[in-house]
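Engineer: The whole structure should be built from the sequences, with the hints applied where relevant.
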Amino acid sequence: MLTRKQHELLMFIHERIKESGVSPSFDEMKDALDLASKSGIHRLITALEERGFLRRLPHRARALEVVKLPEQATAAAPPKGRGAFRPTLVEPSPGAAPPAAIAANDVRELPILGRIAAGTPIEAIQHERDRMYVPETILGAGEHFVLEVQGDSMIQAGIFDGDFVVIRRTNAANSGEIVVALVMGEEATLKRLRKKGASIALEAANPAYETRIFGPDQVQVQGKLVGLIRRYH
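Residue numbers for the sequence shown follow the numbering used here, beginning at 228 and rising by one.
Everything labelled a hint here was simulated from the structure, so no lab data went into it. Because the structure is a prediction, the values reported are computed rather than measured. Please note that a few of the clues may not be correct.
As the list claims (entries may be wrong) - Ranges between beta-carbon positions, derived for each pair:
#1 S252 / A435: 18 to 26 Å
#2 R278 / G367: 18 to 26 Å
#3 S247 / I339: 48 to 56 Å
#4 I440 / R396: 42 to 50 Å
#5 D444 / G389: 31 to 39 Å
#6 E242 / K265: 18 to 26 Å
#7 P443 / K245: 42 to 50 Å
#8 F387 / E414: 16 to 24 Å
#9 Q377 / K265: 47 to 55 Å
#10 D261 / R283: 20 to 28 Å
#11 G403 / V294: 17 to 25 Å
#12 R458 / S252: 35 to 43 Å
#13 E404 / P297: 15 to 23 Å
#14 S247 / G412: 47 to 55 Å
Stated by the list, open to error - Using 30 Å as the maximum straight-line C-alpha spacing, the simulated DSS-like pairs for lysine-lysine come out as follows:
#15 K257 / K423
#16 K265 / K422
#17 K422 / K257
#18 K265 / K295
#19 K451 / K422
#20 K451 / K423
#21 K451 / K295
#22 K422 / K295
#23 K265 / K423
#24 K245 / K265
#25 K245 / K295
#26 K265 / K451
#27 K257 / K295
#28 K245 / K257
Idealized CB from N, CA, C, for every residue including glycine.
Structural biologist: Now the structure itself:
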């Protein structure tokens with residue numbers, strides 16, 4: 228599944244190649260997605276390559292090939308900004324169980340353990356302060372908890388200030404996964420984990436924030452992202 232920015236960039240490249248036969252420049256992509264710098268475009272293209280949607284053609288300038296399009300590509304590209312998010316509504320079929328019965332079987336009550344920084348790391352995860360019902364479809368096996376996001380460093384991964392992230396508790400994660408990381412034993416942050424040799428990089432999804440590099444004994448993975456819940460007030 229692509230983030231909104233990844234989908235927007237893929238469709239922009241696809242339409243530009245259809246129109247002109249040439250992929251857009253990094254400056255054109257940066258302007259089209261309203262990003263502050265080209266480093267964000269580099270990260271998006273790398274993510275699209277890793278997911279098999281784009282291919283860079285070697286030895287050719289501005290040479291990108293769209294390998295495939297997501298299922299929703301036939302629809303119009305979403306507008307820029309937070310308002311582009313639209314929830315999917317599931318209508319019950321005739322004779323189906325009432326919502327209360329469905330909820331009792333298909334959701335799990337999880338603890339909300341406080342706020343997590345998607346920005347400069349803040350205080351470590353707190354004790355339980357509330358509880359939330361979460362659909363079983365995004366959980367699977369294992370122990371889970373919920374954190375409220377504070378900050379904007381993960382907005383290009385579709386995670387906004389005030390969102391609730393669902394975390395599977397684990398102390399191991401693969402490079403490229405979004406994790407809850409405890410830094411120096413006292414600061415918790417939500418970032419994309421990158422393993423670079425013996426070092427660990429905590430990478431933001433916002434070009435306004437720099438990637439932070441730590442030694443392997445300075446970062447402890449406490450869980451990894453499995454879902455996101457957004458409330459509308």
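Engineer: Which of the numbered hints above does this structure break?
Structural biologist: As far as the earlier hints go, 4, 9 are violated by this structure, in ascending order.
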